[in-house]
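Residues in the sequence shown are numbered from 1 upward in steps of one, following my numbering.
Read the hints as simulated data drawn from the structure, not as lab findings.
Since we're looking at a predicted model, the values are computed, not measured.
Check before you lean on any hint, since a few could be wrong.
[Unchecked claim] Listed next, with one range per pair, are the computed distances between beta-carbon atoms:
#: 1; residue 1: Ser33; residue 2: Asn59; range: 18 to 28 Å
#: 2; residue 1: Glu78; residue 2: Ala22; range: 16 to 26 Å
#: 3; residue 1: Lys2; residue 2: Lys52; range: 16 to 26 Å
[As the list claims (entries may be wrong)] Derived pair list, reagent style SDA-like, types lysine to any residue, alpha-carbon separation capped at 20 Å:
#: 4; residue 1: Lys2; residue 2: Arg25
#: 5; residue 1: Lys36; residue 2: Pro55
#: 6; residue 1: Lys62; residue 2: Ile74
#: 7; residue 1: Lys11; residue 2: Glu49
#: 8; residue 1: Lys2; residue 2: Ile30
#: 9; residue 1: Lys88; residue 2: Ala101
#: 10; residue 1: Lys36; residue 2: Ile74
#: 11; residue 1: Lys52; residue 2: Leu23
#: 12; residue 1: Lys52; residue 2: Ile70
#: 13; residue 1: Lys52; residue 2: Lys62
#: 14; residue 1: Lys52; residue 2: Trp5
#: 15; residue 1: Lys11; residue 2: Leu53
#: 16; residue 1: Lys44; residue 2: Gly26
#: 17; residue 1: Lys44; residue 2: Ala22
#: 18; residue 1: Lys11; residue 2: Gln63
#: 19; residue 1: Lys36; residue 2: Ala7
#: 20; residue 1: Lys2; residue 2: Leu61
#: 21; residue 1: Lys2; residue 2: Lys62
We put the CB at the ideal spot given by N, CA and C, even for glycine.
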Amino acid sequence: MKQAWIAYADKYIPPTNRIESALIRGREPILVSENKIEVTVGSKAHYEELQKLQPAILNFLKQFFGNAEIILEIAYSEKEEMAMMQSKSEWFASEVSKNPALQELITNLQLREC
1 MKQAWIAYAD KYIPPTNRIE SALIRGREPI LVSENKIEVT VGSKAHYEEL
51 QKLQPAILNF LKQFFGNAEI ILEIAYSEKE EMAMMQSKSE WFASEVSKNP
101 ALQELITNLQ LREC
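Construct the entire structure; sequences and hints are all you get.
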């Protein structure tokens with residue numbers, strides 16, 4: 001699925017269009033069922049932009065997989081939006097909670113925390 005998603009970006013999104021490129025490449029589509037693909041975004045602006053691209057992406061995916069029954073659903077998650085709005089210190093605390101060795105590395109190298 002990810003390969004098809006990136007293939008769309010490579011073929012139809014010029015490198016100069018950084019917004020659309022980041023929007024497509026920064027998402028991980030999920031195969032919900034045999035014919036249903038879902039993409040979740042964390043902002044209303046991304047949702048609206050992806051909605052504009054949806055017909056072209058859907059057509060590409062149908063051709064890529066040779067399946068005319070594919071459905072592409074775009075979802076908006078406020079939870080994802082809130083996660084993106086973290087401060088640097090919140091982000092750092094989150095990363096340290098995932099990998100405590102990071103705090104040890106910061107301390108040993110005498111770096112300051114974010």
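Compare the structure with the hints numbered earlier in the document and write down the numbers of the violated ones, lowest to highest.
none
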